[in-house]
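J.: Take the sequences, apply the hints, and build the full model.
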Amino acid sequence: MNFSKDILPILGLFALMWFVWFFAGGPTRSANTEGSGLFSFSMPTFVIPNIRHATYTPRQPAAATEPDTHTDDIPTNGSVSPYAQDVSISTVQRTSRGDPSREYVRLRVDRRASARIVMTGWRLVSLSSGASVQIGQVSQLPYVGRSGNGDNLSADPGDVIIISSGRSPIGLSFETNVCTGYFEQHQDFIPRLPQKCPLPEDETIPKRPNQFNDSCLDYIERIPRCSTPTNVPFDLQSTCRKYVLEEVNYNSCLVKHKNDDNFYTGEWRVFLNREDTLWKRKREVIQLLDREGRVVSTYSY
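Just so we're aligned: 319 in this note's numbering is position 156 of the sequence shown, and the numbers increase by one with no gaps anywhere.
It should be emphasised that the hints constitute simulated quantities derived from the structure, not laboratory data.
Please note that the accuracy of each hint is not assured.
Stated by the list, open to error - Pair by pair, the computed Cβ-Cβ distance ranges are:
| hint | residue 1 | residue 2 | range |
| --- | --- | --- | --- |
| 1 | Arg-454 | Pro-396 | 51 to 61 Å |
| 2 | Arg-437 | Leu-380 | 28 to 38 Å |
| 3 | Asn-436 | Gln-374 | 44 to 54 Å |
| 4 | Arg-274 | Thr-367 | 32 to 42 Å |
| 5 | Asn-436 | Gly-321 | 21 to 31 Å |
| 6 | Lys-359 | Pro-320 | 13 to 23 Å |
| 7 | Pro-396 | Asn-436 | 39 to 49 Å |
| 8 | Glu-384 | Gly-241 | 57 to 67 Å |
| 9 | Gly-241 | Asp-351 | 36 to 46 Å |
| 10 | Arg-355 | Arg-274 | 43 to 53 Å |
No residue lacks a Cβ here, since even glycine has one placed at the ideal position from N, Cα and C.
T.: See below:
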């Protein structure tokens, strides 16, 4: 028997078993090996990620849809107007009667404004309802019996602009003057027109030889301011009666005083000619926009 030839297969088997043991983990073999023995097989392991310190990014919700406030057609660019320091909404007069003639917005021009401001083409808009109206042209010197608005509203420093939702009692938007108080005699304006007409007794009275007698002068002194007599006594002096009927009225006042320095009284009446009210009774936000859609003033209640 050749001992060296017989031992070689045994040594080869041990060498093979050592290689298998070494590559199976050897001395560092995991403790989780199932069973015992050299040829035991370990259970497969799964790597579970460590999420304790992971950063959580919440899912971003879809952008919320803004409620429809019907303001898409309002021509505003959101910027502040250069007139914002000069013009403001000072009052909004609401009505519970549904009468547009009793509803108005009052604008005020600051006395420190540097120049006259043209407001024709400006707009009033409601951010609550989406309502939008434009300030149109006016009649700067209205005459009774004449129609049409052909002048721009050009407000001076200190002026007040009253924008009524209803119709004009005389069919015009206009600037008030010392004579427009006559309009109140047969029409109702809200608010009431200023009563600044010159008293008939202070007007130029005819001199000799056409001077009036005492009875006529007494009658003229009793005529109220901004009032045209409707029942002139027939027993008055004929020239006096003719004078009262022809001279104590709006048009005559206009002719006599339109060139006076203090003729205009610093107030404008603008009428939107609506059949219904425009502004909400409560929870309203009204903006005044200039011609470029820039915000001049905001008023809320």
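J.: Going through the numbered hints above, which ones does this structure break? Give me the numbers in ascending order.
T.: 2, 10
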